[in-house]
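Trainee: Take each chain as given, in its own frame, and dock them per the hints.
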Amino acid sequence: MSDVARPRSIGSPLQLAPRTLVLAGLGVLLAIAFVGALAIGAMPIPFGDVLKILFGQDADSQSRAIVLGLRLPRAVLAIIVGAGLGLSGAALQGLFRNPLADPGLIGISGGAALGAVLIIMFGHLLLAWVPDAIYQHLLPVAAFAGGLVATFATERIARQRGAVSTAMLLLAGIAMNAMAGAAMGILIFMSDDRQLRDITFWTMGSLAKGGWSGVIMAGPFVGLACFLILRSGRALNAMLLGEREAMHLGVPVERLKQILMVATALAVGASVAVSGIIAFVGIVVPHLVRMAVGPDHRIVLPGSALLGATLLLFADSMARVVVIPAELPIGLVTSLVGSPFFLWLLVRKKGLRA
Amino acid sequence: MIEAHDISVRANKRFLLVDCSLCIVPGRVTALLGPNGAGKSTAISVLSGERKPDGGHMTIDGQVMTQMTAVELARRRAVLLQNSSLDFAFTVGEVVGLGRLPFAMTRDALDDDGALATVRHVAGIEALWDQTYHTLSGGERQRVQFARALAQIWRRTPDAPQRYLFLDEPTSALDLRHRRAVLTSMRALALQGVGVLVVLHDLNLAVDFADDVVLLRDGHVLSQGPVDQVLTPENLSACFDVSVEIVTRDDGRPVILA
Numbered sequence: 147m148s149d150v151a152r153p154r155s156i157g158s159p160l161q162l163a164p165r166t167l168v169l170a171g172l173g174v175l176l177a178i179a180f181v182g183a184l185a186i187g188a189m190p191i192p193f194g195d196v197l198k199i200l201f202g203q204d205a206d207s208q209s210r211a212i213v214l215g216l217r218l219p220r221a222v223l224a225i226i227v228g229a230g231l232g233l234s235g236a237a238l239q240g241l242f243r244n245p246l247a248d249p250g251l252i253g254i255s256g257g258a259a260l261g262a263v264l265i266i267m268f269g270h271l272l273l274a275w276v277p278d279a280i281y282q283h284l285l286p287v288a289a290f291a292g293g294l295v296a297t298f299a300t301e302r303i304a305r306q307r308g309a310v311s312t313a314m315l316l317l318a319g320i321a322m323n324a325m326a327g328a329a330m331g332i333l334i335f336m337s338d339d340r341q342l343r344d345i346t347f348w349t350m351g352s353l354a355k356g357g358w359s360g361v362i363m364a365g366p367f368v369g370l371a372c373f374l375i376l377r378s379g380r381a382l383n384a385m386l387l388g389e390r391e392a393m394h395l396g397v398p399v400e401r402l403k404q405i406l407m408v409a410t411a412l413a414v415g416a417s418v419a420v421s422g423i424i425a426f427v428g429i430v431v432p433h434l435v436r437m438a439v440g441p442d443h444r445i446v447l448p449g450s451a452l453l454g455a456t457l458l459l460f461a462d463s464m465a466r467v468v469v470i471p472a473e474l475p476i477g478l479v480t481s482l483v484g485s486p487f488f489l490w491l492l493v494r495k496k497g498l499r500a
Numbered sequence: 106m107i108e109a110h111d112i113s114v115r116a117n118k119r120f121l122l123v124d125c126s127l128c129i130v131p132g133r134v135t136a137l138l139g140p141n142g143a144g145k146s147t148a149i150s151v152l153s154g155e156r157k158p159d160g161g162h163m164t165i166d167g168q169v170m171t172q173m174t175a176v177e178l179a180r181r182r183a184v185l186l187q188n189s190s191l192d193f194a195f196t197v198g199e200v201v202g203l204g205r206l207p208f209a210m211t212r213d214a215l216d217d218d219g220a221l222a223t224v225r226h227v228a229g230i231e232a233l234w235d236q237t238y239h240t241l242s243g244g245e246r247q248r249v250q251f252a253r254a255l256a257q258i259w260r261r262t263p264d265a266p267q268r269y270l271f272l273d274e275p276t277s278a279l280d281l282r283h284r285r286a287v288l289t290s291m292r293a294l295a296l297q298g299v300g301v302l303v304v305l306h307d308l309n310l311a312v313d314f315a316d317d318v319v320l321l322r323d324g325h326v327l328s329q330g331p332v333d334q335v336l337t338p339e340n341l342s343a344c345f346d347v348s349v350e351i352v353t354r355d356d357g358r359p360v361i362l363a
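Protein sequences appear in the order of chains F and B.
If you number the first sequence the way the working numbering does, the last residue is 500 and the count never jumps.
If you number the second sequence the way the working numbering does, the last residue is 363 and the count never jumps.
This is chain B alone, in the form it adopts within the complex (with noise of 0.2 angstroms):
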């Protein structure tokens, strides 16, 4: 589990992040929902142990998280982050092997081979794999870079220690196939036991993929729990300011209208 306690972050004067106090559960998806510069991508960069806050402590399965080093971070947690730039002719064959680079000459190098085949099958990107990444649209760069961070994260063995992974928007740039198939891929993780965090836009995507909801606005953790009981229209309206309406559908999925 990652616990992060009281933590705040500063800019200059600025508090991107008050008091924050959050856990990731190995398993279960946690939603990081809230508007425009609530401090989400902060909370990325922290809770990836990215970023040191300015108060507060974190740890990850009760190890100090600021002590670690950053490849012993990596072998525990992949990130997905916004629009990653890349101006060298790497294919995607490669920006993907990139993520078994914190398994460079250990044991688990092995099972690079592995990992590369699997992710590529689960990212449907088999058809773009020799192809030179700085040709493909966004969207296929994103599912690029989502492959990326599934093969950091992958083990052949299901007893592998806790493994975590941060997505930041990572269906931002999809169609609504492959975000389906992205978030489905990622909820398939949790099943194995990985703790994810991921930020998302939708709130509606929160409902269908997420165990768990944190709300945050102004740097200040609004509300968080169960998707059910965090997804109330009081909650979003003093979060969002916008009135917002929960309708159900037939089949008993809420649906939220703002």
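Same shape as in the complex, but just chain F (with noise of 0.2 angstroms):
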């Protein structure tokens, strides 16, 4: 059999070449981007002396302490939550069969919220009973706890004689989602104004307060995230030809389904519990990469981590840069620059890739 005949399949190394490729450069994108974030601010320095910094030589101690001491972990910090919510829109994506799927539909987002509004309402009451160490990590602990609750409440209620239905899910997701926006609405009529400006800036999302503490804590949640999220891909592909039709491929589809609830609800509540809600970044970055490259998930996953990272990175230096000396949300930087650019996409290549 001469090579011009050989049938393209997923799998074949004649597919796959390609598209390893927009891995590659996605990745270099990212490290450009990377290196962007620590040099632009303000307080400009130079790519040259940023790299010089970064591999330890001699730089001015003022430079060193702006890059080490104040961009570095927020780039980090951006890298792995820009990581976490691209890649797991593109599983829930891949999940639902439904492009139109995004980490907040199963209520992770909405939870999240309602548990840092809580603290931001709430938490000094909490001032006499809780050592000072602790209290500072409370917000993103009670972030983290509210996505986890609601989605698994959500994943409880969609669960019928021992499968999941998909569609009750969403729905549940739905009222889930509306409830604790309902609930926060409350409190933010009962809030006063500094607590108003506290839940306005957590609900619009920010890199600013995260740092190094941030990166720990969120770190090995998206990490071990991208791990299970990772070596799906195979079985996503099936699951986009329908459940039953994944099971007859040998996918054990249940197991799929919790492992990556588990895993979304890991890395997407981390990463709002540290950053607060950045929107459009879990909904379009897969679109990106699936534009460029097809939904293969092999190619699909990784690109969607990657690519997001690096729009997170983008967004955040814009965030620092464009108010100086304050600094724009970063929720805001992804809704007001992302979406134009996803519609004009969309109108460009309307119907060609979905």
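By construction, these hints were calculated from the structure, which means they are not laboratory data.
The beta-carbon is built from N, C-alpha and C at its ideal position, and this holds for glycine as well.
One thing to keep in mind: the hints can contain errors.
Said to hold, decoys possible - With the Cβ distance kept under 8 angstroms, some of the chain B side facing chain F (calculated, not the full set):
hint	residue
1	Cys-128
2	Ser-153
3	Gly-167
4	Thr-171
5	Thr-174
6	Val-176
7	Leu-186
8	Asp-192
9	Glu-199
10	Ala-209
11	Ala-293
12	Leu-296
Stated by the list, open to error - Derived, one-sided and incomplete: chain F residues facing chain B with beta-carbon distance under 10 angstroms:
hint	residue
13	Asn-244
14	Pro-245
15	Ala-384
16	Glu-391
17	Ala-392
18	Leu-395
19	Val-397
20	Pro-398
21	Arg-436
22	Gly-440
Mentor: Have a look at this one:
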């Protein structure tokens, strides 16, 4: 059989080669965005100096402090959160066989936001009971817990006779988000000005407060989630044909659903906990990757992680410089820049790729 | 051989299948016939191991089916369901390639290219291969899904372990020529030793392409056995509630008129 006649399959090296190139390209893009994020800011530092500092060579101590002390933890956090959100979005879109799914759908964001708002409003009541060192981390922990509780409640409700109904999962998630939203509305109505500011800032997302402790808190969870999700590429490809079809192709469908639910709840819960709600990354990033390389999850999943990290680095750099010396919430940047760009892509590529 | 003994399936309080016993024999094509709602699709989902029966037990080549994992089953049998939808832009080649999923990371994955080259020829979808699946017509999609099922049970060696093929109305969207082509390749697989269970609506296709017939009605097996013994006017009238006449053509083949 000649090479020309050889059929293209999911798995043949012929097809993988150009796609691997795309992944390599995304990797390079991420590296550029990373160095850029370290260079850009209220005090711009030349690229060359940033590289010198990163590789431990001499540079003036002020630049070193800014790059290593301020911008590096923030950039690392952007990578973790962006990768987690992009990857979770890709996994859920595959799981629900719906290109419109996003991590908010199954209740994660709503639950996490409610947890955070509760702490902003009533955290001070715990001040007497909780040691100061723990008190500082109460907000992320509450957001994380809120996200997990909401997701697992959603999953429980959608479970009928041992099997999770996907339609039920979506509906229960919507109801869960609405409930969390209403509860938050009541709390916001009761809040004073300072609390309101905190809440608003948090619901629009920011990487400013995470720091190395944010990296340490979110890193392991997002890492574990990446591990679980990236292994499921083939199975998710089969899921796109339908749950029954996937089962007939040997995919343990129920277990896959559970693994992906847990993984996305961990990744998104941890991300929301350290950075607030960052809209749009989870839903748009997988689309962009699919537009470039098609729907094969073995490429879409790692691609979404890379592109999510890149976009968030980019958005955070913008958030830091457009209104110096103040900062925009990053969620505003992702929505403001992301949505028109996405619309433009949709119009241009209409009907080409899902 | 896949054997089902006294299987029953309930949904809420309604019985979809009641004490059905039937088997799928390697090398033979068994047609599952019956009126709408008789339980044909339920029978497919139970016999293929997708759905656990509420009563009775099933074995595949002597192994208890309910104890097997999804991937173990997937290496023995392929299933073609009705109306598979796909909202993502896979190419035809990618969809068919998914049929090789059960063999990912195994030695059999070395045969993937051979399998795909064969089935795209057998299913006559060479010209569609690089097109996007959701731009295809209903009939073309059905042929692509058929090819995917073929890819799943394709083996290079003839002494491969027993394989089974379940087809739920594989020709419902096909024109006359392709209908014949698909059913002919189904027959060819049976010649290679594959056990086939196929749901058909056209009784004459069962006459032409099946070895055995199972008549199903209201979840009960009405009668089963070789085609010429089961497809009698009496049996068919009892099954479908219409009077049926069977005439013999000049070449000796029976034709069912209803």
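Trainee: None of the hints should be skipped; say for each whether it holds.
Mentor: Comparing the hints with the structure gives:
no.: 1; hint: Cys-128; verdict: 20 angstroms, violated
no.: 2; hint: Ser-153; verdict: 7 angstroms, holds
no.: 3; hint: Gly-167; verdict: 20 angstroms, violated
no.: 4; hint: Thr-171; verdict: 13 angstroms, violated
no.: 5; hint: Thr-174; verdict: 7 angstroms, holds
no.: 6; hint: Val-176; verdict: 4 angstroms, holds
no.: 7; hint: Leu-186; verdict: 6 angstroms, holds
no.: 8; hint: Asp-192; verdict: 6 angstroms, holds
no.: 9; hint: Glu-199; verdict: 5 angstroms, holds
no.: 10; hint: Ala-209; verdict: 6 angstroms, holds
no.: 11; hint: Ala-293; verdict: 20 angstroms, violated
no.: 12; hint: Leu-296; verdict: 24 angstroms, violated
no.: 13; hint: Asn-244; verdict: 7 angstroms, holds
no.: 14; hint: Pro-245; verdict: 7 angstroms, holds
no.: 15; hint: Ala-384; verdict: 5 angstroms, holds
no.: 16; hint: Glu-391; verdict: 6 angstroms, holds
no.: 17; hint: Ala-392; verdict: 9 angstroms, holds
no.: 18; hint: Leu-395; verdict: 5 angstroms, holds
no.: 19; hint: Val-397; verdict: 6 angstroms, holds
no.: 20; hint: Pro-398; verdict: 5 angstroms, holds
no.: 21; hint: Arg-436; verdict: 7 angstroms, holds
no.: 22; hint: Gly-440; verdict: 6 angstroms, holds
Hint check: violations occur at hints 1, 3, 4, 11, 12; the rest are consistent with the structure.
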